[in-house]
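Just so you know, the protein sequences line up as chains R and E, in that order. Numbering-wise, full-length UniProt numbering puts 331 at position 331 of the first sequence, and it's gapless, one number per residue. Numbering-wise, full-length UniProt numbering puts 495 at position 495 of the second sequence, and it's gapless, one number per residue.
Hint data in this document are derived by calculation from the structure and do not stem from the laboratory. There may be inaccurate statements among the hints.
Rough simulated footprint, nothing fancy, chain R against chain E, three-plus residues with beta-carbon under 8 Å [as the list claims (entries may be wrong)]:
#1 59 to 66
#2 153 to 167
#3 385 to 399
Partial selection, computed: residues in chain R whose CB lies under 8 Å from chain E [to be verified]:
#4 Gly48
#5 Lys184
#6 Val322
#7 Gly324
C-beta atoms are modelled at their ideal positions from N, C-alpha and C, and glycine is treated no differently.
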Amino acid sequence: KWSERKVTIFTPMSDQQETGPTMRRLSQLESVVLWNRARQIKRELKQGVKKPYREVIDISWGDPQGGGIKPLSFVRQVLAACHYPQLLNSDKLPEDVRQRAERLLKECAGRSTGSYTATQGIPYIVKGISEFITRRDGGVPSFPNNIYISSGSQWSLQVPTSLILIISSFFFTGVLTPVPCYDKVNMSIRELGGVTIPYYLHEDQGWELQIEELNRALESAKGVCNPVALYVMNPGNPTGSLPQRRSSFSWLMSEFVSYKKVLAEMGPPISETVELASFHSASKGLIGECGLRGGYVELVNVDPAVMEYIYKLFSTDSCASVPGQIALNLMTHPPQPGDPSYSLYNEVIMTITQLMRVFEVLNSVPGFSCQPVEGGGFAFPRLHLPLNAIHKAKEAGMQPDEFYCVRLLEESGLLVNPGWNFEQKEGTSHFRMNIMIKEETLEGVLRRLVSFHTKFMKEFS
Amino acid sequence: MCKKNKTKQKKIIIITKRTTKPMNTQENSCRIAILHTSNMSQEAVNGVPCRGKVLTLDTMNPNVKRVEYAVRGPIVQRAVQIEKELREGAKKPFTEVIKANIGDAHAMGQKPVTFLRQVLALCSYPELLEDNKFPEDAKKRARRILGACGGQSIGAYSASQGIECVRQDVARYIEKRDGGIPSNPDNIYLSTGASDAIVTMLKLLVCGEGRGRTGVMISIPQYPLYSAALADLGAVQINYYLDEDKCWSLDIKELRRAVTEARQHCNPRVLCIINPGNPTGQVQSRQCIEDVIRFAKEEHLFLMADEVYQDNVYAEGCAFHSFKKVLFEMGPEYSSTVEMASFHSTSKCYMGECGFRGGYMEVINLDPEVKAQLIKLVSVRLCPPVPGQALLDLVVNPPQPDEPSHTTFMKERTAVLAALAEKARLTEQVFNTVPGITCNPVQGAMYTFPRITLPQKAIDKAKEAGQVPDMFYCMRLLEEEGICLVPGSGFGQREGTFHFRMTILPPTEKLKIVLQKIRDFHQRFTQEFS
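Assemble the whole structure, with the sequences as input and the hints as a guide.
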């Protein structure tokens, strides 16, 4: 791997030491085959090559607008008016749009969305986020000084993570991460020189996070690395699960409760000592503005001396993208009842019917099983693949679910994300599909999927 | 060898990430999901207090302690505080704080270029494509950009490397700029401002341990993103000094001295050049660039060419020469071997669109295996902001002479650059009339970095106060005149010399007042400490 001629060498710390089965290395490549093939097929279709489908449906990313869902008019009108304030001179745009744009422009230096902002974000917008959090958490206070806006939540994850991870020749610093887990999280941790300590979510119990499993994972790290942090995702990605409930309410009535709220309600000393970083983003939820890159982190109970360094690290990247900051403001402070734009804003992206449909279909077909999707916008069904298929995959040098996904793409034009990318229990296969898409598209997706799956299972039985 | 974890009480930080709420958008009464970790509840129950944080200055990644970024450092924080005090009605010798610390043109009143904002509005709210107040060439570009976006929306993720057609346009722009030398879109990586791309490349380049640790050569003075990134990555910073007496020129002899000395304690692998320079504003001559390339080849160094100010060239007889162009004109012996990355941004030049975080890098002669790792690295942050990518597309694809917006566009562009040139000249002129301030010509970029002579008493007073002398000077200037500059110590300078960096961005009339105030302050200060 070391090139003699070239100067450039990429070698993360973790490559220099053999790692056991509980560790993963950054050098493990993702499923490059699948993405390359997808790109190729899209080109071929453009050139008019005949295939059993007219277009590739890409549901591999959590991207509602990429999946055809229209952005909210209010959000886009405000953004347009902020970028090009001449639009405020006519009354073509609704009153509440113009008012919000004016308010935001007032907060931008030189009344321009092209200016840099304060490192933590435009103070008016940061304050708005703290109000949003307090409201959401039933009054638990949130302080603007503890909030940092960044261009996408991944960067706001990397800053505190880089502080807690120590790169040393003598030991690894570890972060407990779930299996399965959003792949960018594991990559971030490894890129920053840490190792991931996997704890397995219990698939048969709705991807439950079990404390005994957390303890087992922690034990397994003894003598191997220094665990310093626990990463949880709520709702889960890719699993869509919410933390365990202690009642018999049906899963359809599940509600989101934040870790911060629960922490506060547990009272001192825990509520004053457990250090917590919570992340949110304008890429998901109702607003779905992935491309604008707006995210934030709220830091709780972090040592004030350390907070100064968090500030310094964020400041080296200047500030978050201003369109992303504006998107966050529109997310935390949407139109209110009585505002001209209110009725349009409340059209829900995804209906409960859609979720039930996915759950029904995936559990009715032999070879599939799927836990209830309680939130998160993805389905992560399990594939029960025949042995022949698994062998064929091995021959082709691919993981079984990767092999399945490549065939799915080739034959039906559906692009999903193989479970292997998210890590999963040894011997199991899954894939992740985005279900934050238009209802008609979802029908088409399910149709293609079932048709392909039936043929595939028959071929390899 | 692995360290055993000896701590009895397991304290852990919980990092949580939430994505969507379930479909029910109403905030009903919440049921509480109780989390118990058996260790923690036992500790609470047993009455043993959970004292001590996991993350403290002692347990923190020690590299971070050395990170400083003066452009947004303590003096700026004090300036923000003073602004707050002014808003609350505090009486001061001034009514506003002039933030001449950061290269932010719009914040200083520069107007955005109309064409750019029209297209951005159209991309943000495509219904405006029906509005006949927008010119046809703006609509054409908006449609093209939207057509290249997932779901025809700038709210969709793009490919991690950036929207393909934008990269193609960037490559064409580079070819045109460099007199036809080919540029491959696959070598273009769009980024969140140039800073993002610079840090990404450094992440790839920095490795090794002890005496084998990567050394990175940076100019003194330099833009402090570089020193901050090197500290964070635990790389070895190798300083090469620009020659203040020769208009901040770069001397190959000095490069050689620096690298030879560095080889004794690290493995020098990277040479960073900022051209036009920040904070010094010097524009490299073509000969100098050739010499640097030759030096990089001889010493086996990766070249990082930070060219974000490439349109900001003012001085007579100076011109921007891209490193890539010069490299290829030196023939295949160099152009097929020297490894390089050049950086550009939408934050500077005539656009000044800092808030959009648009930028790109072009990599030359990068090992294909390394390129594969690079793609993976950039994918961790998913993709650069799409509005910034759209903006970049307009910068590399501006209105042509036969298009409706061309006249206005050129008028606005020329006006901005002409104003900057005038302000550069004015600044140099005024500062050089002040005894105790010497100012090199501002050949390019957006800053002046004059040298200030400080009386010994002032230096001593500063030391008493535990401050670096030029920070002491700048803080006094801030408190007395409401002008925020960045002390030269934030950029690096020769031992025993002092400077400050001031932007030339305030509107001309305001700039005249600022220059006057600094002149008066300097005279007062010198007198006070004489």
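Evaluation of the provided hints:
Interface restraint, the segment 59 to 66 of chain E with chain R: holds (7 residues with C-beta to C-beta distance below 8 Å; minimum three). With 6 residues carrying a beta carbon less than 8 Å from a beta carbon of chain R, the segment 153 to 167 of chain E meets the three-residue requirement, and the given coverage holds. Using a Cβ-Cβ cut-off of 8 Å, 4 residues of the segment 385 to 399 of chain E lie near chain R, which meets the minimum of three, so the contact claim holds. Interface hint at Gly48/R: violated, since its Cβ lies 18 Å from the closest Cβ of chain E, which is beyond the 8 Å cut-off.
Given the 8 Å rule on beta carbons, the hint for Lys184/R holds: about 5 Å separates it from the nearest Cβ of chain E. At about 4 Å, the closest approach between the beta carbon of Val322/R and any beta carbon in chain E falls short of 8 Å, and the interface hint on this residue holds. Against a cut-off of 8 Å between C-beta atoms, the interface hint on Gly324/R holds, since the closest Cβ of chain E lies about 6 Å away.
Comparing the model with each earlier hint shows a violation of hint 4 alone; every other hint is respected.
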